[in-house]
Amino acid sequence: MVQPNDYNNDFENKWCPGCGNFLILNAMKQAFAAQNIPPEKMMFISGIGQAGKTPHFIQGNIFHTLHGRALPVATGAKTANHDLNIVVNSGDGDCYGEGGNHFLAAIRRNVDITLLVHNNQVYGLTKGQASPTTALGTVTRLQNQGTTSQSFNPMSVALAAGIGFLARGFSGKTEQLTDLIRRAMAYPGFALIDILQPCVSFNKINTQKWYMDRVYDIEETGHDSADFAKAMALAMKWGDKIPTGVLYEQETVPFHQRIKALGKKTLISHAFDARKVSRAIL
Amino acid sequence: MTIDITVKIGGEAGQGIQTIGTLLSQVCHGAGLFIFSVDDFESRIRGGHSFNLLRISDEPVKAPGNGLDILVALDQRTLSLNRDNLAQDAMVILNSDTDVGFKENILSIPLKGLAKEAGGAITANTVAAGAILSILGAPYKILENLLKNRFAAKGEKIINLNTTAAKKGYGAAGEIRFSKKFSWTPQDTGAVIINGSRAIAMGALASDCRFFSFYPMSPATGIMTSVVPFMDKLPIVMEQAEDEIAAVNMAIGASFAGVRSLTATSGGGFCLMTEGLGLAAISETPLVIVNAQRPGPATGLPTRTAQADLLFVLNASQDSFPRFVFAPGSPMEAFELTKKAFALSEKYQVPAIVLTDQFLNNSQVTQENTFVVDENLPTFICHDDDMTDPGQYMRYCFTQDGISPRAIPGRGKAIVRATGNEHNEAGQISEDAENKIAMSKKRNGKCKAMIQEMDLPRVLHGDSNTLLVGWGSSREIIIEACTALRQKGKDVGAVLIKEIWPLDRDRWRDILKDRTFIMVEQNSNCQMGQIISRETGLFYHGAVLKDDGRPLYPEYIIEKTTQIME
Ligand SMILES: Cc1ncc(C[n+]2csc(CCOP(=O)(O)OP(=O)(O)O)c2C)c(N)n1
Ligand code: SF4
Ligand SMILES: [Mg+2]
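Quick mapping for you: the protein sequence lines, in order, are chains R and H.
If you're matching positions, the first sequence starts at 1 in the numbering used here and goes up one per residue.
If you're matching positions, the second sequence starts at 1 in the numbering used here and goes up one per residue.
You may find that some hints are simply not true.
Calculated pairs, DSSO-like style, for lysine-lysine (alpha carbon to alpha carbon, straight line, at most 27 Å) [what the hints assert, rightly or not]:
#: 1; chain 1: H; residue 1: K490; chain 2: H; residue 2: K436
#: 2; chain 1: H; residue 1: K488; chain 2: H; residue 2: K413
#: 3; chain 1: H; residue 1: K112; chain 2: H; residue 2: K154
#: 4; chain 1: H; residue 1: K157; chain 2: H; residue 2: K141
#: 5; chain 1: R; residue 1: K265; chain 2: H; residue 2: K167
#: 6; chain 1: H; residue 1: K233; chain 2: R; residue 2: K14
#: 7; chain 1: H; residue 1: K436; chain 2: R; residue 2: K127
#: 8; chain 1: H; residue 1: K488; chain 2: R; residue 2: K265
Among chain R residues calculated to face chain H with C-beta under 10 Å, some are [what the hints assert, rightly or not]:
#: 9; residue: K14
#: 10; residue: H56
#: 11; residue: Q59
#: 12; residue: F63
#: 13; residue: H67
#: 14; residue: G76
#: 15; residue: A77
#: 16; residue: L136
#: 17; residue: G137
#: 18; residue: R141
#: 19; residue: E249
#: 20; residue: E251
#: 21; residue: V253
#: 22; residue: I268
#: 23; residue: F272
#: 24; residue: K276
Since the hints were made in silico from the structure, they are not lab data.
Each residue gets a CB set at the ideal place from its N, CA and C atoms; glycine is no exception.
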């Protein structure tokens with residue numbers, strides 16, 4: 001049996017002590033071990049930011065790409081070899097800002113990957129500027145008169161774009177998060193977990209306590225994740241009470257199953273047949 | 001005597017100019033003749049003024065024709081625009097409802113009217129083709145057979161409609177004949193009519209490229225449409241990305257996961273791809289990009305041609321890294337160089353750029369069918385079996401030649417870490433100063449061996465006093481100009497560049513030193529001339545530049561070169 005420790009590596013971790021990312025990393029290891037997937041079968045693809053560094057701190061294949069571009073790279077990799085277990089680690093800025101167009105396109109494609117957005121409502125790595133999920137009016141070091149854009153709601157946008165699996169987690173609820181990651185990976189299609197994550201260095205508002213006072217597990221209060229309207233109502237909920245858990249889950253056909261050429265086997269596993277190519281093109 | 005004529009079909013967009021051109025090309029092809037066909041289109045779907053220039057000869061032709069032997073004016077405007085350029089004994093077919101008949105070498109035919117008589121206005125193009133072929137002395141049978149084949153799938157009714165229309169065209173031309181006549185005996189030369197776009201698609205497939213990502217942009221789109229007919233026959237995936245940034249990064253992702261990938265775009269899209277280009281470079285992921293040039297900056301002239309992205313592609317993306325740049329001069333070269341780009345990109349784990357343009361991508365030419373798919377495709381991938389301990393595999397381990405064995409993620413025990421940040425041998429982020437120097441050196445160190453892979457420019461009459469130096473798609477036009485200049489007694493040779501970067505300075509210098517050389521380029525700032533000066537220290541003595549977005553013609557080069565030489 002694969003153990004969470006099998007996912008440890010000895011590369012020096014560069015996050016701030018107390019950062020919520022540590023707990024996300026932990027939940028990831030637990031979730032992969034729970035599915036008995038060995039590290040060499042995992043593929044971590046990330047963008048740029050503190051979240052983007054995650055793959056370096058875990059054992060497995062990695063591609064740490066460009067700011068905002070993890071999803072297209074993951075789409076290409078998954079198309080080339082749909083047997084790969086791909087988890088994408090991205091930040092709120094990386095995914096919803098710089099990579100916003102890819103976010104929408106990936107949902108529409110329904111690529112069978114799991115997207116973990118470490119949503120700390122701030123640009124961590126670049127030291128505390130507003131991110132797309134920063135609340136309107138928030139004062140930052142750069143936006144010293146308060147931000148002037150409304151915050152982006154990834155949950156309602158993802159639902160509106162037609163996502164098949166949508167969840168929200170909180171780094172502070174590791175057990176629940178582990179379970180969410182496991183379920184997201186088991187889901188055949190594009191799965192997003194927006195993970196609320198305290199940034200102890202640059203977000204003094206949305207702290208561990210701030211979240212603890214607000215998050216609740218929708219499965220404890222009862223929720224039908226097949227009900228789109230109810231999911232949308234939960235997706236719009238933010239403030240005193242923040243719902244976590246699987247908001248929406250709907251059976252869909254993943255991208256690679258929509259493509260004829262990938263019907264029988266993975267793209268990579270075909271042998272090059274010069275004669276066949278010759279016959280086809282000449 | 002060689003017969004070499006040029007037919008120009010002009011009118012509004014949407015009038016079926018291309019259809020007429022294609023019909024004529026196919027009839028000529030069936031009779032063993034050679035064609036070169038260029039489209040000149042505006043960026044619009046209807047209206048305006050567009051034309052197809054079709055050169056037909058009984059000897060191979062590889063450049064656009066410049067004379068105007070037969071003008072097919074689908075509207076009055078085409079006639080007024082071209083009246084002054086007609087050759088001496090030129091003939092005109094004018095689409096006109098009034099003044100029907102033949103006078104002063106103008107044959108006026110009501111194309112739509114005759115098409116309606118034949119049973120449908122949409123066959124006006126077939127009527128036109130019939131009239132042109134009649135004037136050229138081509139037996140009606142040849143066109144009839146072609147139409148039967150072409151519409152075989154559509155049934156008897158459509159075939160009859162078109163053959164009737166063709167007959168109407170023949171009838172309208174009556175006994176009127178152009179002064180020069182081909183022999184028109186059907187023959188199969190084994191040659192094919194092909195354009196650069198299709199050749200690139202074929203080259204990619206022959207290279208085992210299985211993933212194509214793109215975002216539509218003229219004139220690159222034709223490459224992807226050329227792949228479509230093969231999608232049922234070969235294991236390939238094509239994905240229209242949400243933008244060029246996604247297109248290039250998808251290709252990188254697929255390549256990283258072990259599948260050869262291609263993306264194609266034009267200058268504007270290439271701008272968006274530049275960060276991805278750097279990612280491919282630093283992560284040492286093979287990547288082939290086609291940049292089909294059109295005039296810029298920004299949107300520029302969407303449907304026109306240029307050679308103005310050379311400096312850009314050579315320098316695109318930050319810092320420095322090795323890359324291959326190829327610029328084919330014909331569909332056959334496009335095929336061969338696309339294959340070479342794939343092989344070398346994988347061998348050296350560096351990006352390769354194939355630089356084409358609207359002219360090469362879209363021009364149709366009769367090409368000897370010598371395309372071959374190599375039986376044994378060399379691949380450069382390592383597996384667990386090739387390693388002493390897959391557990392210790394390091395993606396970027398230092399080696400003599402800078403090439404680290406490349407394993408594919410998820411295919412074995414070896415763990416593969418690729419990173420766009422500067423990294424250590426294991427692929428982990430490293431900010432160490434020594435490491436940065438060592439990694440840059442490792443990557444750039446590949447250049448030495450890469451240079452050895454490159455063919456030198458082709459030199460014609462290299463001992464001439466004056467050399468015309470050009471690159472990419474203008475090759476055949478320069479050759480034709482050079483030949484004509486020599487016939488006029490000028491001591492002129494040519495240097496034709498198809499493999500641009502990395503270049504062997506010393507050997508390029510050997511070709512050009514002690515010679516007067518004139519650059520021939522389709523840009524405003526003599527980009528290859530700049531590169532040559534920088535790399536060899538030799539300065540060009542003059543430049544024939546064309547920056548109007550239109551194709552280059554031999555006559556233009558002849559005229560400008562003569563001026564420079566005087
Ligand atoms: C093209 C580009 N633009 C800007 C940056 C600088 N940059 C690095 S990370 C980042 C934002 C990170 O914020 P987020 O995605 O929320 O990640 P976090 O650090 O908060 O986890 C920015 C703007 C970059 N690396 N690349
Ligand atoms: S800056 Fe914030 S997000 Fe980044 S490591 Fe520190 S605490 Fe975590
Ligand atoms: Mg953030």
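We went through each hint and held it up to the structure:
1. Of the supplied pair hints, the one linking H/K490 and H/K436 is violated, its CA atoms being roughly 54 Å apart against a limit of 27 Å.
2. A distance of roughly 69 Å separates the Cα atoms of H/K488 and H/K413; the hinted pair therefore is violated under the 27 Å criterion.
3. Simply put, H/K112 and H/K154 have alpha-carbon atoms about 22 Å apart, close enough for the 27 Å limit, and the pair holds.
4. Annotation: proposed proximity of H/K157 to H/K141 holds, straight-line Cα distance about 18 Å (limit 27 Å).
5. Note on R/K265 and H/K167: the hinted pairing is violated, with a Cα-Cα distance of about 52 Å set against a maximum of 27 Å.
6. Proposed proximity of H/K233 and R/K14 is contradicted: the alpha carbons are some 49 Å apart, above 27 Å.
7. Using a Cα cut-off of 27 Å, the hinted pair H/K436 and R/K127 holds, with the two alpha carbons roughly 24 Å apart.
8. The suggested pairing of H/K488 with R/K265 is violated, with an alpha-carbon distance near 63 Å, which exceeds 27 Å.
9. Because the beta carbon of R/K14 sits about 8 Å from the nearest beta carbon in chain H, less than 10 Å, this interface hint is met.
10. Residue-level restraint check for R/H56 holds (minimum Cβ-Cβ distance to chain H is 6 Å; threshold 10 Å).
11. A cut of 10 Å between beta carbons decides the hint on R/Q59: the least distance to chain H is about 7 Å, and the hint holds.
12. Given the 10 Å rule on beta carbons, the hint for R/F63 holds: about 5 Å separates it from the nearest Cβ of chain H.
13. This hint holds: R/H67 has a C-beta 9 Å from the nearest C-beta of chain H, less than the 10 Å allowed.
14. Given the 10 Å rule on beta carbons, the hint for R/G76 holds: about 3 Å separates it from the nearest Cβ of chain H.
15. The criterion of a C-beta within 10 Å of any C-beta in chain H is met by R/A77, whose closest approach is roughly 4 Å, and the hint holds.
16. Hint status for R/L136 relative to chain H: violated, with the closest Cβ pair at about 28 Å, above 10 Å.
17. A hinted interface residue such as R/G137 counts as satisfied when its beta carbon comes closer than 10 Å to some beta carbon of chain H; here the least separation is about 31 Å, so the hint is violated.
18. For R/R141, the shortest C-beta to C-beta distance to chain H is roughly 24 Å, which exceeds 10 Å, and the interface hint is violated.
19. With its C-beta approaching chain H no nearer than about 25 Å, R/E249 sits outside the 10 Å limit, and its interface hint is violated.
20. The criterion of a C-beta within 10 Å of any C-beta in chain H is not met by R/E251, whose closest approach is roughly 23 Å, and the hint is violated.
21. A cut of 10 Å between beta carbons decides the hint on R/V253: the least distance to chain H is about 16 Å, and the hint is violated.
22. Evaluation of the R/I268 hint against chain H yields a held restraint, the C-beta minimum of about 5 Å falling below 10 Å.
23. At a threshold of 10 Å, the smallest CB-CB gap from R/F272 to chain H is about 4 Å, leaving the interface hint in force.
24. Of the supplied interface hints, the one on R/K276 holds, with its beta-carbon coming within about 7 Å of a beta-carbon of chain H, less than 10 Å.
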